[in-house]
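Novice: Listed below, chain by chain, are the residues.
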Amino acid sequence: MLLQIKNLHVSINGKEILRGINLEVNKGEVHAIMGPNGTGKSTLANVIAGKEGYEITQGEILYNGKDIQKMPPEVRAQEGIFLGFQYPVEIPGVSMTNFMRTSLNEIRKYHGQEPIPAKEFLARMAEKKELVEITAKLTNRSVNEGFSGGEKKKNEIYQMAMLEPQLAILDETDSGLDIDALRIVANGVNKLKTSENATVVITHYQRLLDYIVPDFVHVLFEGKVVLSGGKELALELEEKGYDWIKKETEKR
Amino acid sequence: MSKELNSIPVLDSIPQWFDAIVGKEGNAFKGLQNVRTSALEDFNRLGFPNKKMEKWRSTDLKNVLSFDYSMATKDFLMKDILEEVFECEVQELDSYVMNLYKGRFVYKESPLHILDDGVIVGSLSAAFDKYPELVEKHFGKYAKTENNAFNALNTALFLDGLFVYIPKNVKVEKPLQLINAVGTTEDVFVQNRNLIILEENSQLTLIHCDDSYNYKRSFTNSVTEIVLGANASIDHYRLQNINNNSSLKSTVAVEQARDSRLNTNSIILNGGLIRNESFVTLNGEGAHADILGVYLADKNQHIDNQVYVDHAVPHCTSNELFKGILDDYARAVFNGHILVRRDAQETLASQNNANIILTDKAMINTKPFLEIYADDVKCSHGATVGQLDDSALFYIRQRGISEDNARMLLMYAFAAEVTQKIKIDSLRERVEDMVKKRLRGELSICDQCVLQCSNPEKYNFEIDMSKI
Amino acid sequence: MAQDEKRLIEEVTQSEYKYGFVTDIETETAPKGLNEDTVRYISTQKNEPEWLLEHRLKAFRKWKEMEQPNWAHLKIAEIDFQDIIYYAAPKKKKELASLDEVDPELIDTFNKLGISLEEQKRLSNVAVDAVIDSVSVKTTFTDTLAKHGILFCSFSDAVKNYPDLVKKYLGMAVSPSDNFFAALNTAVFSDGSFCYIPKGVRSPMELSTYFRINAANTGQFERTLIIAEEGSYVSYMEGCTAPQRDENQLHAAIVEIIAMKDAEVKYSTVQNWYPGNKEGKGGIYNFVTKRGICKGDHSKISWTQVETGSAITWKYPSCILSGDNSVGEFYSVAVTNNYQQADTGSKMIHLGKNTKSTIISKGISAGHSNNSYRGLVKMTKRATNSRNYSQCDSLLLGDQCGAHTFPYIEGANKSSIIEHEATTSKISEDQLFYCQQRGISQESAVGLIVNGYAKEVLNKLPMEFAVEAQKLLSISLEGSVG
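If you read the sequences in order, they're chains U, A and S. Take the first sequence: its position 228, counted from the start at 1, is 228 in our numbering, and no numbers get skipped. Take the second sequence: its position 467, counted from the start at 1, is 1467 in our numbering, and no numbers get skipped. Take the third sequence: its position 113, counted from the start at 1, is 2113 in our numbering, and no numbers get skipped.
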C-alpha cells in the first residue's frame, strides 16, 4: 500500500479541520477527493506534504508503510510525494531551470544517485515540456513569476513530469482553467500514470473527472470522508449537488 | 585643542596636506586655488560628521577616524607602482581599464587619451591643464561643499581621478572600467575625484571598482560628478569590495538634462565601513533615473546607502531599489529621500528598500523619505525588514530541496532582483556568482578569501576574478 | 478644468470655522509669564500636595535646560513662553448652590459646541469630562461609573481623592523630561481627566473629555491619565475646539495610558482646534505627547485620531509594547488646509516577544498646507517573532500644498517582520469623473472620495465620533479638487 491514512484529526490554531479521515491509496490507482469549499480538502493535501502550522491531534499517515509525520517536507518530496499546489507560489529571481535542476539533484542525492548530467537534464526538460504543451519561454522565466493562472497549473504538471513522483496529490489543479488547458493538464496526468505510481486528484467539480478517470471517488464533508465509491459517484454528485450530501449526512 | 579634536588625528594633518597640495609648496590645479580654499573653509566649518547629525545618526565614524592616516601628497614614480597595481578583471569583460592608486592616476604612456571620435579619457589633473574651460564648467557644480564635509574635504585635497568627456552623438560601446586600488604599507587617506561629462545624445558604460589588495587600513573619500546632456545615457556600476579594515565614503552626484537616462547600480560585497551617497538631480523634462543597490554584509561590516533624488522639473521618473542581506553583527543603513518640487508635475517616483536579517545581532535602520510639493504625482515607497517568505520556502521544499538550500535559493533570488538588472552579461554573471559564494559563506572564510585581511603579511598578487 | 480647480480650491479655503465664538465669562488668570512662582501659583490654586509641587518644579527646572525641538517639518514662529498666561479658570459665581452646579453660561457654551452636560439629554452611553481653559467644569455619569468601580473625574479631583494612584502612575509613560513640551506640561498642567478601570471591568459606556480653550492669551496644558487594570476594557474619546483669534495659542497636552495584562484601551481623538484663518493668521499650536505602555502580556492600546484643526500639529501617539503578545495600533486621518502644518505619526517600540503593531495613516493636504507623516518602528533584539505593518498614504488636493512621509524603521532581530508601504498621489480623475457621470457634483464627489479614502480609519472610531468626523472631513475640504 502506498498511502494509508488512519483516523486523521488535524487542527489549525486549535480549530479542528479534519475529524477522522481514513484513506488508502495503492500503486496504480487514481483517487478523486471531492467536496464543497471549506471542508478540509486542501488541509489534507498540505498535511500529507508536511506544511507547517497544522497540528495532527490524532491518527497517522503511513507512506510505503512508514510514518511520515516527523519528516520535513523536502524528505517527503524526496520519498516521492508531489503536491500540485492550488495556488503555485511565485519565486522571483529563481529560474525554472535552476529550480528544477536543484530539485532533481537533491532528490537523486537522497537516493544515492549522482547529479543528473547537464545534457540529460536538458533533454528531459525538452521532452517533458512537450508533454504538457508548455512553451520554451515559460521555463526560461522565474518560477511562476508573471505566469497566467493556466500557465501556473501547467507548470505544476510539468514539474510533476520532471520529478516523476510515486504519489502525486493535485490540489484543485482544474480551478481557473479553460477547457483547452484542462485537457492538456489532464492529458499530462494520464500520460504519467504507471502501475508504480498513484494520483490523488482534489477537485470541486466533476468536470476534471471526464478527463482523468478515477478508480475511486471520496466525498469529503466537514472534515470527514462521508461517501466513497467508484467513478459513478462523481456523476451522481454532479447531478444531485452537494446539498444532497448535506442531507444524507444529516440523515445518519 | 580639545580632547575631542585630538581623537581624530587626521584633523591635525589636513592643514599640512593642504599646504603640500595647494598651498605654498604644492601647485596642482592653479585655477582651482580659490575653489579649494573655500572648500577647506567649508570643511573647517562643518568638521567631520558625528552621530548627533540627523544624516549620520546611524553611522559612527569615531572608530574609523581614530587612526593616524597618511596621505601621499608627493608624486611617485609610475614604474614603481605599475607592477603593484592589480588588474580587476572580470573574465571576458572587454573594457578599457583605468587605474587609480592612492588617489593618483596610473598610466603607462600618456595620462590623457584623445580618441578619434573626440572622446577624452584619462587623468583629471591632466585634463585640468589641457582643457581648463571644459573642466571648470562642471567641476564642483554638482557635488556641493557647503553642507557636505566629505565633498568639501575632497574638493580641497583631491590629487587626481578619472576624467571622461563624450562628445555629442558619440556612443561608446566598450565599457570603461575605473579601478581604484588601495593598499600600501601604511594606513592611507585617499581622496579621489572623478568628472564624467556626457554631451547631448551620447552614451557610456562606466564600471567603478573600489578594491583593496591587502589587509592594510585605508580611508577613501571618493567623489564622482556625472553630467548627462540631453538624451544622454549612462550605465554606471559601483563594485565595492574592500577589506574589513578599510572605509569607503563614495559620493556620486548626477545632473540630468532633458530625456537623459541614468542607470546606476551599487554592488557592495565587502567592506569595513562603506557609505555611499547618491545625489541625483532630474533637471530636464523626460529624464529618468534607475538607482539600484545590493549589499551583503557580515561580521562587523557597516554599510550605509544614502540616496537623494531631486525631481526639479515635471515629467521625470525615478526608481530606487536597494536590497540587503545582513549576517553576524553587520549593520546597514538606508536613507532614501525623494524631493518633488512644486512645479515638478507628472512625476513618477518609487523607492524601495528590502532587508533580510539573518541573526539577532545584525541590525538595519531604514528611512525611506518622501517630500512632495506637487500634486499631480505618483510616488510610492516601501521598506521591509524580515524573513524569507514561508510559502515560497514550503513550495521549494515540497520539490525535495533541503531547507538550507531552499533558503539559499530564496536569498539569492532576493538579491537577484537587483543583480539581474546588470546589463553587461559577463559582469552580471560574475557578480551573481560572487553573490552565490558570498551567501554560501565562501567569501567570508578568511583562508579562502582573496582579501587576506586577517593575514598580517604583505600579500601581493593578481586578482583573477574567475578564481574567486 | 484648471479654472474649475482654482475656484473649488478657493472655496475650500473659505470654509468657515464653526466653533470660533468666544464665551463672555469672567476668568481668573495667573499673571503672564513663566517662572517657579507661576508653577507655585498653579499648585496653590489647586491645593495640591507637596509632592506634586516638587514634581512640577523638577520638570520646570528640566524644561529650562531644554531647547524647543526643531526636527519636525514645521515652520514655527518663535514662541515667547513669557508672553503666555499659564492658568485661566472661569470664576465661580458665589450664588451657585452647590459645587456640583455649573455656571449656566458654561453649560450654554458646551451646548453650542454640541456637548450637553446634562446627563438626561446626552446619549446615554457617553460620559463626559468638560474642560474649559485650565479647569474641568463638570464630569457626567461619575455615579453610574462608580457602581462599576470605574473612577472617572477631573485630574484635580483625582489628586485630591486618589493621590496614591496618581502618584504611582503619573509620568510612567511620559517622564517629566521626555521632551520639551512634556516638561512644560508637567510643570504647568492645570487639569485634565483621570480614569481608572479596575480589574476585569469592561466600561459600560464610552468615556470622553471635551477640551475648550476660551480665554485669550492663554495656553492650555491638560493632562490625561488612563489606567486599565488586568483584563479591563475602556474606549475613550477626546474632542477639542477653540475660539477664532488672530494670535496663536499654545496647547501642550500629555496623555498617558497604562494597560496591564489582557487590558485593552481604545483612545480616539477628533482634534478640531481653531486652525487659523485662510491667510494662516492665528490658530492653535498643538504640541501633544501621547503615549501608552502595554505593560502586561496580551494587552492592547489602540490610538485613532482625526486631525483637522490647529495651525500646527506636532504629535506622535505611541505605544511601548513591553508585555509579550501585546498589540499597538495607530489609525490616523490628518487633514491640512490653508496654511496649516501637521507633523504627526506614531512610534511603535517593540520590547516584548510576539508583539504586533499596525500603523495606518491617511494624510490629506489642500491649500498651502504641509502635511507630514513621521513615525518610528523599532524592533529590539528581545522582541522576537514580532510584526509591524505600516501604511501611510497621502492625498494632494491642489498644487500649492505638500505631503511628506518620514518613516524611521529599525530592525534588530531575525524573526520579526516589518513592512512599510506608502503612496502619494492626487485625487483620481477617473474616480471624480465616474462620480460626476453618475450625477454627483464635483464638490460632493471629492467629499465622497476623501471619506472613502479615510474610511479604514474612520471605521475605527466609536459611532458617536464617526459621524462627527465624517462631517468634519467634508467641511474641511468642501469642494476641493486637485
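Hints in this document: simulated from the structure, not taken from any laboratory. Where hints are given, some of them may not hold.
[What the hints assert, rightly or not] Within a straight-line C-alpha distance of at most 30 angstroms, the following computed DSBU-like cross-link-like pairs (lysine-lysine) qualify: (1) A:Lys1437 x A:Lys1378; (2) A:Lys1052 x U:Lys137; (3) A:Lys1052 x S:Lys2075; (4) S:Lys2381 x S:Lys2075.
[Said to hold, decoys possible] Each pair of labels, with its calculated beta carbon distance range: (5) S:Asn2385 x A:Tyr1107: 39 to 45 angstroms; (6) A:Glu1054 x S:Leu2165: 37 to 43 angstroms; (7) A:Lys1168 x S:Gly2280: 36 to 42 angstroms.
We treat Cβ as the ideally placed atom computed from N, Cα and C, and that holds for glycine.
Novice: Each hint: holds or not?
Specialist: For each hint, the structure was consulted:
no.: 1; hint: A:Lys1437 x A:Lys1378; verdict: violated (38 angstroms)
no.: 2; hint: A:Lys1052 x U:Lys137; verdict: violated (54 angstroms)
no.: 3; hint: A:Lys1052 x S:Lys2075; verdict: holds (22 angstroms)
no.: 4; hint: S:Lys2381 x S:Lys2075; verdict: violated (36 angstroms)
no.: 5; hint: S:Asn2385 x A:Tyr1107: 39 to 45 angstroms; verdict: violated (57 angstroms)
no.: 6; hint: A:Glu1054 x S:Leu2165: 37 to 43 angstroms; verdict: holds (40 angstroms)
no.: 7; hint: A:Lys1168 x S:Gly2280: 36 to 42 angstroms; verdict: violated (49 angstroms)
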